[in-house]
Amino acid sequence: MRGIIRYIGRKTIDLWLFLGKMFIFLIESLYHIFTPPFKFRNFLRQVRFFGNKSIIVVIFTGGFSGMVLALQGYYALNKFGSEALLGPVVALSLIRELGPVLCALMVTGRAGSALTAEIGIMRITEQIDALTVMAVNPMKYVVVPNILAGLLTFPLLTAIFDVVGIYGGYLVSVHALGLSEGTYFSQMELYVDMEDIRIGFYKSLSFGLLVTWICTFMGYNSGYGARGVSRATTNAVVLSSVVILIWDYMLGAFLL
Amino acid sequence: MIEIKDLHKSFGKQQVLKGVNLVINEGEVTAVIGRSGGGKSVLLKHIVGLLKPDRGNILIKGKDITKLKGSKLDEIRAEIGVVFQGGALFDSMTVYDNVAFPLTEKTKLNKKEIYEKVMKALSDVGLQGMEYKYPAELSGGMRKRVALARALIAHPKIILFDEPTTGLDPILVRSIHKLIRDTQKLYGFTGLIISHEIPEIFEISDRVAMLHDGKIVAVGTPEEIQKSDNIIVKNFIMGIENGGDYEKGKS
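Residue numbers (numbering that gives the first Met the number 0), protein chains in the order written: chain P, 0 to 255; chain D, 0 to 250.
Excised from the complex, chain D in its bound form (with noise of 0.2 angstroms):
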């Protein structure tokens, strides 16, 4: 579904991806982890077209987006759900129109359609009766709810997670997770989760696939992952400082 090939990504003398390869298969949940500041979410950008490789192809159904431009690319796009970091809601628009947004810009629904499709979409994530109020009267766990709302409205074939747990509490991130797992088995989306969660990611996803210093350097099940020889998953799983250093130090 998608293929990153050979991913290479600076910015001014700092090269945050040196040369990325990763396969997402259809209907998976995909989680690459790895450190903050990894380049992780760089990568997610590349694969909206959102940042432009220095060296490299993303193809998304055979497609390459880094070669795409204008209309060509928003045909890809329209496939594509992203959840952001922060949510990236509307913050001078309801819940509702946040929601409905993907669909009163890009459809021609009408407004009955609209709102059931968005009444249906706010069910689902567990937000009913929350429809009039503005981000801001929200709480975090809330907004990423109403972010995961948006991303599924139109119902895409592909949707990116960008940490959508970062900064909720245990609970919460359960709480998440479980909405991210119940909603691609009920519309089947392919997923791919930023995340740093340690080691609640596992439970949710089909592959994870480590990110470190601009590679990946293990790909596997959670199971395989967990039980990895590779030094630097194992000290990241362990929370064990430098990647890796430290073991090697010690032996």
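One chain only, chain P, in its complex shape (with noise of 0.2 angstroms):
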């Protein structure tokens, strides 16, 4: 029974020593945005990175979400005879939940894991300690142009993945099921607002915050060795995965 309760209880206290790392990870990181000097190249080029490694990924995606939406759609609203709020049903689904949702998991996937690892191999090969010794602050240098570039690429990736997906239900709902093109976007226009659309905006402005957030720290604490990586690597898409569904619900049912 003690060794139960002494287990619970280190756990608990690893789990907040842990929380509280991550937490002092990100005001420091935080601090370091709005403090000179500013690394605008090393922005640049992950923001390439972000976008590069991803856009081929979110297209597709969001290309047969769209159309999968549409199909499932016109089977529901079928059974109403409401088929010409399909164009809606399509465009609310992407932009307030499935785009900045489905967008931040596919980038977690293809760059957040690659951004854990190539952090994680920065620490285990000592080139974040070889820039502490340069006096090139870390946080600064590799930390913070990643969470800058994911607040810009995961808002632009997303409404790239919201296009991709209306232009896919329509392809499936005009093309395949013989809706008119008029009622699919007309209807379109008259049930989306600009608050729906701020609504993804702000969702996947967050996503972009928490999963650069969760791939930096993981690769910058990543522990000795290619396990240590590949499990820091395993634990930053799991870890931000889970995190964006929490967050999603969280900020759905009580913030926005």
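Worth flagging that the hints you see were computed from the coordinates, not collected in a lab.
Mixed in with the good hints, there may be bad ones.
Heads up, simulated DSSO-like pairs for lysine-lysine below, C-alpha to C-alpha not over 30 angstroms straight-line [as the list claims (entries may be wrong)]:
{"no.": "1", "chain 1": "D", "residue 1": "Lys-111", "chain 2": "P", "residue 2": "Lys-38"}
{"no.": "2", "chain 1": "D", "residue 1": "Lys-44", "chain 2": "D", "residue 2": "Lys-60"}
{"no.": "3", "chain 1": "P", "residue 1": "Lys-38", "chain 2": "D", "residue 2": "Lys-119"}
{"no.": "4", "chain 1": "P", "residue 1": "Lys-10", "chain 2": "D", "residue 2": "Lys-177"}
{"no.": "5", "chain 1": "D", "residue 1": "Lys-177", "chain 2": "P", "residue 2": "Lys-38"}
{"no.": "6", "chain 1": "D", "residue 1": "Lys-107", "chain 2": "P", "residue 2": "Lys-38"}
{"no.": "7", "chain 1": "P", "residue 1": "Lys-20", "chain 2": "D", "residue 2": "Lys-12"}
{"no.": "8", "chain 1": "P", "residue 1": "Lys-38", "chain 2": "D", "residue 2": "Lys-184"}
{"no.": "9", "chain 1": "D", "residue 1": "Lys-116", "chain 2": "D", "residue 2": "Lys-184"}
{"no.": "10", "chain 1": "P", "residue 1": "Lys-20", "chain 2": "D", "residue 2": "Lys-111"}
{"no.": "11", "chain 1": "P", "residue 1": "Lys-20", "chain 2": "D", "residue 2": "Lys-71"}
{"no.": "12", "chain 1": "D", "residue 1": "Lys-226", "chain 2": "P", "residue 2": "Lys-38"}
{"no.": "13", "chain 1": "D", "residue 1": "Lys-44", "chain 2": "P", "residue 2": "Lys-38"}
{"no.": "14", "chain 1": "P", "residue 1": "Lys-38", "chain 2": "D", "residue 2": "Lys-110"}
{"no.": "15", "chain 1": "D", "residue 1": "Lys-71", "chain 2": "D", "residue 2": "Lys-60"}
{"no.": "16", "chain 1": "D", "residue 1": "Lys-214", "chain 2": "D", "residue 2": "Lys-177"}
{"no.": "17", "chain 1": "P", "residue 1": "Lys-20", "chain 2": "D", "residue 2": "Lys-66"}
{"no.": "18", "chain 1": "P", "residue 1": "Lys-20", "chain 2": "D", "residue 2": "Lys-116"}
{"no.": "19", "chain 1": "D", "residue 1": "Lys-12", "chain 2": "P", "residue 2": "Lys-10"}
{"no.": "20", "chain 1": "D", "residue 1": "Lys-51", "chain 2": "P", "residue 2": "Lys-38"}
{"no.": "21", "chain 1": "D", "residue 1": "Lys-214", "chain 2": "D", "residue 2": "Lys-226"}
What the simulated footprint calls covered on chain D by chain P, stretch by stretch (three residues with Cβ under 8 angstroms from a Cβ of chain P suffice, anywhere in the stretch; the number is not a length) [what the hints assert, rightly or not]:
{"no.": "22", "region": "82-90"}
{"no.": "23", "region": "101-114"}
Note that beta-carbon positions come from the ideal geometry of N, C-alpha and C, so glycine has one too.
Since each chain sits alone in its own frame, please combine them into the complex, following the hints.
As structure tokens, this is what we get:
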């Protein structure tokens, strides 16, 4: 019995220490965002890294998500004779929910994992120590550009995801299910407000921060050796994905 | 130049440094020898402030760096170059960008001045024509040379070498050692070399200190160390295991 209590106690303390460390890491990175010198070139390189790595997969997932939504939406709406509302169903689902979430999950898998592995390797090959001894702050040089790039690229990639998704929905609705082109788009115009776009934008912005925070933290604190880096990468992807889904619910239920 | 006083460091329950005392004189090359896992690299990381000691002080030019933080610590670091064990070259950058890095980040020199300095540093370490290769395309010995060039470029007053020759063949070991000696004569830096290259290390150092079981057990000129009566030093130089226990048992 004592053993169990001790085990639970130790795990709880470990968890709080881990969360505390993560939080301090975030505060420190946010502080360095606003203090010069600004590493603009690193920021641009990371924007390219996120965009370049993820855009193809985002386009594919976006397109097929829209197509599936149209297909399933049509099946459900058809039962009530409201197929005309297929456009808004596809657009609202994508803009408010699926766009930000699926896009964030895809970028995590594609670029987030690579980011953790890269920083993890920099850690184990002493490149981060080398930066420190050259009096270059590694938080500023490595972490901050990634967080800023996440804040910029996640909303942009989400926008691409939404547009491609809506077009995918259009292809299925109009060309496969026989809905008229005018109905698909005019109903969408009628039902989708700026408010919906704003919610989607805030979501993707917060996912950008969460994913880059978790992925850079995991890489920065990865253990030693190939195993340390692989574990950090797995943990980064799993934790990011879970946090994306939990945060999405919290935002939807309480905040937005 | 560097004075280490009663330095203690533990990682969890493992006590790595148990009161290290060592003075590194200006303009000299001091070698710290000792077995792998004996805390030599930990000692080096304390000198550049990558690790903080549990107890003890490190004075560099009279300033206790264990107490310094932020920009004050960076001021001292600007005078120190480090050649890491694996080179620690930035693998996303070319050799040129790696060597130029301390200048592009920390000075306001223009492109032409940087170019001239980088070319000079690369020719000093015998790596002309390699500037547009990536670290992954270089051999182990070349990477160490690039790391040395990067450490030299800002003309630091102190250079710390963390096992600069580990994993190299005997000919390369000699050539890297010669390079360290030659560049030291050229630039006049104070050097600290962490090494277990016996006996080659004796040829390039002015003083040798033996770190054993978390303490400095002997310090002296290479000749004094080679002739030392200390059983731990003797056994280490001869390559006998158990750091003296075997000899003690025999006697």
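Do the hints match the structure? See the list:
no., hint, in the structure
1, Lys-111(D) <-> Lys-38(P), "22 angstroms, holds"
2, Lys-44(D) <-> Lys-60(D), "18 angstroms, holds"
3, Lys-38(P) <-> Lys-119(D), "27 angstroms, holds"
4, Lys-10(P) <-> Lys-177(D), "53 angstroms, violated"
5, Lys-177(D) <-> Lys-38(P), "38 angstroms, violated"
6, Lys-107(D) <-> Lys-38(P), "15 angstroms, holds"
7, Lys-20(P) <-> Lys-12(D), "22 angstroms, holds"
8, Lys-38(P) <-> Lys-184(D), "37 angstroms, violated"
9, Lys-116(D) <-> Lys-184(D), "18 angstroms, holds"
10, Lys-20(P) <-> Lys-111(D), "43 angstroms, violated"
11, Lys-20(P) <-> Lys-71(D), "25 angstroms, holds"
12, Lys-226(D) <-> Lys-38(P), "54 angstroms, violated"
13, Lys-44(D) <-> Lys-38(P), "27 angstroms, holds"
14, Lys-38(P) <-> Lys-110(D), "18 angstroms, holds"
15, Lys-71(D) <-> Lys-60(D), "13 angstroms, holds"
16, Lys-214(D) <-> Lys-177(D), "29 angstroms, holds"
17, Lys-20(P) <-> Lys-66(D), "23 angstroms, holds"
18, Lys-20(P) <-> Lys-116(D), "41 angstroms, violated"
19, Lys-12(D) <-> Lys-10(P), "19 angstroms, holds"
20, Lys-51(D) <-> Lys-38(P), "28 angstroms, holds"
21, Lys-214(D) <-> Lys-226(D), "20 angstroms, holds"
22, 82-90, "holds (count 7)"
23, 101-114, "holds (count 3)"
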